[in-house]
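Take the sequences, apply the hints, and build the full model.
Number of protein chains: 4
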Amino acid sequence: MLRIAQFGAGRIGAIHADNVARRPDVELAYVVDVNAEAAAALAARHGAQVSDVATALADKSVGAVIIASSTDTHADLIEAAARAGKAVFCEKPVDLSIARCDQCLATVKATGVAVAMGFNRRYDPTFRSLRERLVAGEIGRLEILSITSRDPAPPPVSYIKVSGGLFRDMMIHDFDMARWLLGEEPVEIYAAAAVNVDPAIGEAGDVDTATVSMKTASGKLAIINNSRRATYGYDQRVEAFGSKGMLQAGNHTATQVVHAGANGVSSDKPLDFFLQRYVAAYQAELDDFVNMVIEGREPLATVADGRAALLLADAALTSLREGRAVRL
Amino acid sequence: MLRIAQFGAGRIGAIHADNVARRPDVELAYVVDVNAEAAAALAARHGAQVSDVATALADKSVGAVIIASSTDTHADLIEAAARAGKAVFCEKPVDLSIARCDQCLATVKATGVAVAMGFNRRYDPTFRSLRERLVAGEIGRLEILSITSRDPAPPPVSYIKVSGGLFRDMMIHDFDMARWLLGEEPVEIYAAAAVNVDPAIGEAGDVDTATVSMKTASGKLAIINNSRRATYGYDQRVEAFGSKGMLQAGNHTATQVVHAGANGVSSDKPLDFFLQRYVAAYQAELDDFVNMVIEGREPLATVADGRAALLLADAALTSLREGRAVRL
Amino acid sequence: MLRIAQFGAGRIGAIHADNVARRPDVELAYVVDVNAEAAAALAARHGAQVSDVATALADKSVGAVIIASSTDTHADLIEAAARAGKAVFCEKPVDLSIARCDQCLATVKATGVAVAMGFNRRYDPTFRSLRERLVAGEIGRLEILSITSRDPAPPPVSYIKVSGGLFRDMMIHDFDMARWLLGEEPVEIYAAAAVNVDPAIGEAGDVDTATVSMKTASGKLAIINNSRRATYGYDQRVEAFGSKGMLQAGNHTATQVVHAGANGVSSDKPLDFFLQRYVAAYQAELDDFVNMVIEGREPLATVADGRAALLLADAALTSLREGRAVRL
Amino acid sequence: MLRIAQFGAGRIGAIHADNVARRPDVELAYVVDVNAEAAAALAARHGAQVSDVATALADKSVGAVIIASSTDTHADLIEAAARAGKAVFCEKPVDLSIARCDQCLATVKATGVAVAMGFNRRYDPTFRSLRERLVAGEIGRLEILSITSRDPAPPPVSYIKVSGGLFRDMMIHDFDMARWLLGEEPVEIYAAAAVNVDPAIGEAGDVDTATVSMKTASGKLAIINNSRRATYGYDQRVEAFGSKGMLQAGNHTATQVVHAGANGVSSDKPLDFFLQRYVAAYQAELDDFVNMVIEGREPLATVADGRAALLLADAALTSLREGRAVRL
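So the protein sequences, as listed, match chains A, B, C and D.
Using UniProt numbering, you'd call the opening residue of the first sequence number 1 and step up by one each time.
Using UniProt numbering, you'd call the opening residue of the second sequence number 1 and step up by one each time.
Using UniProt numbering, you'd call the opening residue of the third sequence number 1 and step up by one each time.
Using UniProt numbering, you'd call the opening residue of the fourth sequence number 1 and step up by one each time.
I should point out that these hints are in silico values taken from the structure, not numbers from a laboratory.
Using N, Cα and C, we set each Cβ at its ideal position, and we do this for glycine too.
Among the clues, some could well be false.
Taking CB as the label site, the calculated pair distances span [what the hints assert, rightly or not]:
1) B:MET1 <-> A:GLN103: 44 to 52 Å
2) D:GLU132 <-> C:MET1: 38 to 46 Å
3) D:ARG45 <-> C:ALA254: 24 to 32 Å
4) C:ALA254 <-> B:ASP72: 51 to 59 Å
In the EDC-like style, the derived pairs of lysine to aspartate or glutamate whose C-alpha atoms are separated by at most 20 Å in a straight line are [claimed, not checked]:
5) A:LYS161 <-> D:ASP102
6) D:LYS244 <-> A:ASP272
7) B:LYS244 <-> C:ASP151
8) D:LYS244 <-> A:ASP287
9) C:LYS244 <-> B:ASP18
10) D:LYS92 <-> D:ASP102
11) C:LYS244 <-> B:ASP272
12) B:LYS244 <-> C:GLU184
13) A:LYS244 <-> D:ASP102
14) D:LYS244 <-> A:ASP151
This is the structure in structure tokens:
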């Protein structure tokens, strides 16, 4: 029985806790959150104890921790858990600063502990299948990668102000997808962006619409486009074009009902947002983490992956601010 | 806390038990099965007791039973459970004989107990949405209903011999769907059928390919087609055509990946079989049953619905044997 | 240069004349129509002469005739043209009476002249491709054939009164498709029908909604459904299910534009009606007829095919009137 | 009767001549080509005279010219025809040099003659419908435009050497589409490219895979991706994302047949190349030109449009060569 301590009892934390509860071989031991009420509710639902970081990490019977607290606590908690010898699952990002990432990475390496980063899209059945088929050679060599990622609606401006901005908060997922699918690091990046959705986002110093163009040393090209608002739902698509063909990953819908009427033929719009679209991904992600701990396997996404995605986000921001392409 | 006794620990029984386990407000109290090993395994997985029918039904703390044992035990168990005052969920069919159905129906009525029949397709998100939109008037008045239902591969001939035949074992689901969607009883039925898949099925006195045509008093027409073998997976579609348009319910797939290559553009085939296609339906079905018990609501499908579907199956068989349309 | 005399200058006649004009190796010599104005207009557009049947057939330089006049003239014109040694292209049907068909067939046989019947759907690129792939074995042996054929709106009741009824006027196309795809004659047929669209159609002694079920000696099953009114356009689909898979022929649309918005994802409805859907079919049909004459090939659809489809229509009508399955 | 002189009797010239022949109100008077054989064949097919530029332009009865000769003759012929007072339809591009474009534009302006540039995609039913719906406000304000344009196979290297390169020869169509749909000029452009398809293309100084990112003053973003080789056919898609939704223009296929089998569900790949995909566009383009001449309307695409697209192509090339974003 693997005993887990969970830091963070918010929306994502609750999902991870529920997925832990689905497994007969794992037990939620502790829930830690600055919000005492949220911690108590989640702990009660799964028969866990409300606790604090020190107590949870000091418990020898705890084998792993899940970090789903606010971004500014991630690096500290990863380090503390790693030093306590616990396997770690941490929501992205490691930190908004590359320097802090580097530090954290060094600590983790020194402890030899396995740390899995929660890049949930790698576990989505559709994207996972696309990658497996890409790796299996179904389209030959990848030549153009195109990622579309649009949220249904922007978060509150208060969140945007502490988020690190669109590139580090939202496109970070697409940078991770791009790296995962390209199988090679970009060497040049260019970003264009605008405030199209809400002037308040611009006033907060951020953008809400962006495109990024990247190139690898071997000549693979990647383009990403983001918007903070899509009226038709959560738009999450990937297109991989290669020497032998193309693989496209499309959106998911709630039903397969089609209506034909005088105004045309219509079907469901994409699922609302990540909580709906990535239900299966969150389950697979947690299962993979547990299996990683039990079987001593490598995580699918590491702290180094988190750092590499952040590097691209920072470079995109530099490109945008200085109006030029950035070499990496 | 609703305590449940489950009769039958086979494949479908295990699904229901797992769905019971997902709910914090329900507890699996007893598992009963002639196969002691299966009963023990399922009971162990969910912390239930292995027991026998009499003991389980005598326990006053048990509020409901799930019947997922073999078809020939359904009517007896429904009656016993109803007499014991337990709410009942029973897999289709009630029985293969209309006379026995009638008897069972009378017993149930006398006890006043709620009995829900497991017509799982009524709970499928896609079919459910089609019906809601039909009822909401999106296609005006229904005029032509077309149901396609094809299994990936035939069951063993040993099963076919005791199944009651294609109409009572397989098309019974489509008869239920037809009744549910037509909102009106058919008054005429005609069946055509053949042995196209496996001669052994014909030797067992059954058919493996069939079409049925039905008509209601108000002039709604329905056609159903069945095959025991579809190389491309479990084919489950419904098309409702009406005065203002059409609603189509399509197949579900594992991913939304599309491949384009020199040989064409291809996507996933439909999910394998009912265990894959109806995962969400089985969950919704169990939830609906539990809510029915807790809230004292009517079941979505009743013993009378089970009887009515069987009546259509019997009439189809008569039509086939006598080579004529049958009035109902 | 093949010189052609055309009988009938109406809507379909104009299409054939235009398709004749597209070919440099064919010349429209005569146009004959009881409507002098229509004949004059069409003749003028293509530099042909307005004439009468006798004159046109007496012209030795005329190698072929196109019959696109009213149904009641078809058999007479086929016979006259055949006796004059002209190759014939005739719109369906040969006649509404089987006896007259038989007579006509005998006359044609005696003359040895090639007569092609205008079953336009056989030339539609989509249906043609489906049949080629069926014949090529892509789905193994055909087991269930399903044809959906719905007009956007009913014709005037005045037309319905002389049309021969839904089975002989509308479903006749589907009977031809069924025979063409089944590769085998049906041995049993059952029809169900209703008046759902317009009571005036019922008062004229006809139906406007119908389903037909057929069976061949080897066990192939076919179902057809027709409606005189589909709000979403001209619905023309075929589904062929076989031992190795399924082939589906879908509707055609004017564009490939898809819109995603708050209310769902929508695309074009099917093309309006046969003049839009079968543009390519009419061209291919005319080309095939001309090539048949020039190369001395067999027509794709013969008078015998026209007769066989009518036989099914008559049997469907008998089934409907007598409320029973009809053996053929 | 509008009499037309055509310069160029190659593949595209033949298409235009055929589309001229389809109209009863237009007559092909002259065919001019340095290849005497091609000129003679095309002239013969349509009853035109083989001639030379001077003679054709001197004929007062000629009202319009079609220029479909090699790129290096376009500007000269436009100017000569404009001076002779003939309306002009010219295949893209005006010229590969902006300076020559400017000169030509000045000459045309001075004569007051209408010159239509052959940006065929503007006439494609699918793209045209997308633009009309965009202009009609179906997606609110356009925010992200994404264009995918991939040829099935690269042209011979000999052609590539004189083509002006991928940006001026191939992506020029996409630059025109982008300008047409954005309704606003880009102010910044960045290009990334590679030689992925054939090293010989690189040796000829060109690239075969490219992405371009553009931005307008009001904050609209556009991304374009090109490849000289797509194994699955001619890939021509546009996606317009806006404040109220999304419009996507998909590929066209030869049939609507879908096959379902053990390996998945497959449909037709896109049509082969521009001759197949843009059949309807070429017809509409010629009709539009003729109507423009007859009715004295403005051309849909002008010499100024040709120049503006070339400007973007040149800027993309500069961006690629200097590894930086270019301001416009």
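Each hint tested on the structure:
1. The beta-carbon spacing between MET1 (chain B) and GLN103 (chain A), approximately 50 Å, falls within the hinted interval of 44 to 52 Å.
2. Against the hinted window of 38 to 46 Å, the Cβ-Cβ separation of GLU132 (chain D) and MET1 (chain C) comes to about 43 Å, which satisfies the hint.
3. Hint check: ARG45 (chain D) to ALA254 (chain C), Cβ distance near 31 Å, so the stated range 24 to 32 Å holds.
4. Range check, ALA254 (chain C) to ASP72 (chain B): about 57 Å between beta-carbon atoms, so the 51 to 59 Å window is met.
5. Note on LYS161 (chain A) and ASP102 (chain D): the hinted pairing is violated, with a Cα-Cα distance of about 49 Å set against a maximum of 20 Å.
6. As the CA atoms of LYS244 (chain D) and ASP272 (chain A) are separated by approximately 16 Å, the hinted pair is consistent with the 20 Å bound.
7. Distance check on the hinted pair: LYS244 (chain B) and ASP151 (chain C) sit about 13 Å apart at the alpha-carbon level, within 20 Å; holds.
8. Between LYS244 (chain D) and ASP287 (chain A), the direct Cα distance comes to roughly 38 Å. Violation of the 20 Å bound is thereby established for this hinted pair.
9. Annotation: proposed proximity of LYS244 (chain C) to ASP18 (chain B) is violated, straight-line Cα distance about 36 Å (limit 20 Å).
10. Between LYS92 (chain D) and ASP102 (chain D) the alpha-carbon distance is near 15 Å, which keeps this suggested pair within the 20 Å criterion.
11. As the CA atoms of LYS244 (chain C) and ASP272 (chain B) are separated by approximately 16 Å, the hinted pair is consistent with the 20 Å bound.
12. Between LYS244 (chain B) and GLU184 (chain C), the direct Cα distance comes to roughly 36 Å. Violation of the 20 Å bound is thereby established for this hinted pair.
13. For the suggested pair LYS244 (chain A) and ASP102 (chain D), the alpha carbons sit about 42 Å apart, so the restraint of at most 20 Å is broken.
14. A C-alpha spacing of about 13 Å is found between LYS244 (chain D) and ASP151 (chain A), which places the hinted pair at or below 20 Å, so the restraint holds.
Hints 5, 8, 9, 12 and 13, counting from the list given before, are not met by this structure.
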